[in-house]
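Peer 1: Add chain B to chain A, keeping to what the hints say.
Quick mapping for you: the protein sequence lines, in order, are chains A and B. In terms of the working numbering, the first sequence has 318 at position 207, counting the first letter as 1, and numbering is strictly consecutive. In terms of the working numbering, the second sequence has 250 at position 264, counting the first letter as 1, and numbering is strictly consecutive.
Just so you know, the hints here were simulated from the structure itself, not pulled from any lab data.
No more than 27 Å apart at the CA atoms, straight line, and that leaves these computed lysine-lysine pairs for DSS-like:
{"no.": "1", "chain 1": "A", "residue 1": "K145", "chain 2": "A", "residue 2": "K306"}
{"no.": "2", "chain 1": "B", "residue 1": "K171", "chain 2": "A", "residue 2": "K131"}
{"no.": "3", "chain 1": "A", "residue 1": "K193", "chain 2": "B", "residue 2": "K180"}
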Amino acid sequence: MAQNILQVENVKKYFKVGKKDLKAVDGVSFALEKHKSLGIVGESGSGKSTLARLILGLIPPTEGDVYLLGKSIFKASKNEVKQLRREIQMVFQNPYLSLFPHMTIGSNIEEPLRLHNIGTKKTRKSIVLNLMEQVGVPPQYYNSFPHELSGGQQQRVAIARALALEPQLIVFDEPVSSLDVSIQAQILNLLLELKRKTDLSYIFIAHDLAVVEYVSDLIAVMYLGVFVEFASTEELLNEPLHPYTQTLLKSVPVIGGEIRDITISGEIPSPINPPSGCPFHPRCPYKKEICEIEKPILKEVKPEHNVACHLY
Amino acid sequence: MVENYNDVKTINTFEIKERSYFSILWGRFKKNKMAVISLYFIIFLIVVAIVGPLVSPYHYTMMDYTALYQTPNAKHWMGTDDGGRDLATLIVYGLRNALIVGFGAGLVEVFIGILIGAIAGYLGGQVDNILMRFVDIMFALPSFLLNLVLVVVLGRSLFTILLAIGLTSWAGMARLVRGQVLTVKQLEYIEAAKALGASNLTIILRYVIPNSVGPIAVALSFNIPGAMMMESGLSLIGLGVMPPMPSWGGLISQGSRWMLSYPHMILFPAGAFALTILAFTFFGDGLRDAFDPKTE
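Chain A extracted, bound-state conformation (with noise of 0.2 Å):
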């Protein structure tokens, strides 16, 4: 326990559409050690940007707690909040809308150094450049406004400004979505270059596996609000379990490799109405009875290797 930099204990998280619950998050319990990178992989709807924001405790849970450094975050005092706060940071999926508009880039990566009285205005505005340095921001934009950068460069800001009060885990929920592909490359190449250097531990969100692959360690598969498969990068990818990862990996194309037939169709159901049993088996080319009666939970099929289904 005191090693895992992040516990999430069975954290459920519905919201009230008219009378019925759309259950976004819908049981999902996992561990982090130190250092490490877990990337989470769903597609839209599956509930990832909801986990991630449980996790940073923007908004409470319906049921289950998260434990940060082994304390829960939404049941610390308002001082423990304010210092849980400076070891978990987040990175928005689109730069332009989460940098504030009407500071500049400098006065943006200096706001959570103000927030938490951090040094003197001529110490911070060297921290400032420093982390523009880190993150490949050269420093003539430090009185730039966040509208007057390249997409790629906001993003760039946006990680400086989370790594600003350096925190020991950050949440990045889709930073690479709205970029090219070219830029998508040099941030995830920054990412990688971070975790070296620094003893940073991350969670990457994407719906993009060849994205996450690339700067994970663990890889987690969401579908309608659960993890279906949890286990080490390597293992996931040579050896993939569930019928979802399975398709999942199929549809990644590959330069040279031949058109193979995609066996998932249709779309994934409403959070609103979830499918009895397995969320998974509409779509599931191997659906037995049991699926549609119980719902599978993760269990550790072999060393560093959860999944959740009735085939295992």
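Peer 2: For chain B alone, kept in the frame of chain A given last:
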């Protein structure tokens, strides 16, 4: 090569240039010529209102029965009225009162409007419901009538008039602020601010209000002339500032009585009034352009 050298130089000056949000706003504002002229005119009016009474050889109480109904001349630039008072001096004092009422009422309006609007918008739910129903009631009451009642109750000084006008005209501002706060609140950078560890109060003061300030400033620049009109309206029916203190509404109503024989008595106050209102309106237009990023 010379061209290249020039390129490098421009990039360098760009690097050094310190820039603020204000300089960007000014860059956009500048493009609207009428607004810039109006801004200078408003500054000129403010200077006149401050300096005018100090340098004028006359006072608004000084009657001169040897100089009644004079048309503009070297001694009395805008002529005199039916009491032989210097019309230019009266207009300058009237200007001073109009500005005090305009800005004062604007301030009261913005203060109440931001307070109610920001609380309702940010907290939402039941608080929002109750506050906004109250705003609806304020909207439904005819403000001129409410003003009359308030002036009668509070008395007829400059301060009570601006207070009354401010107290009866904040409903629109509150609605505007609430709408702005609702829009800004759900933007991603507010969530980012929460993740950075900012408290609710910090979020409202540092991120929500600065990003809602544009529409508020624009609305204010249109409401200041509105308050001036309201004050003139009150003076016109004899419920404005207590005579002999001059007010534009009072001067216009007085001038209208002598309109046919001595047209200067209505032309000067009405002209000054119209120009002032127009200047504020044009200034508001420019301000709206400045806060609109699409102007560039």
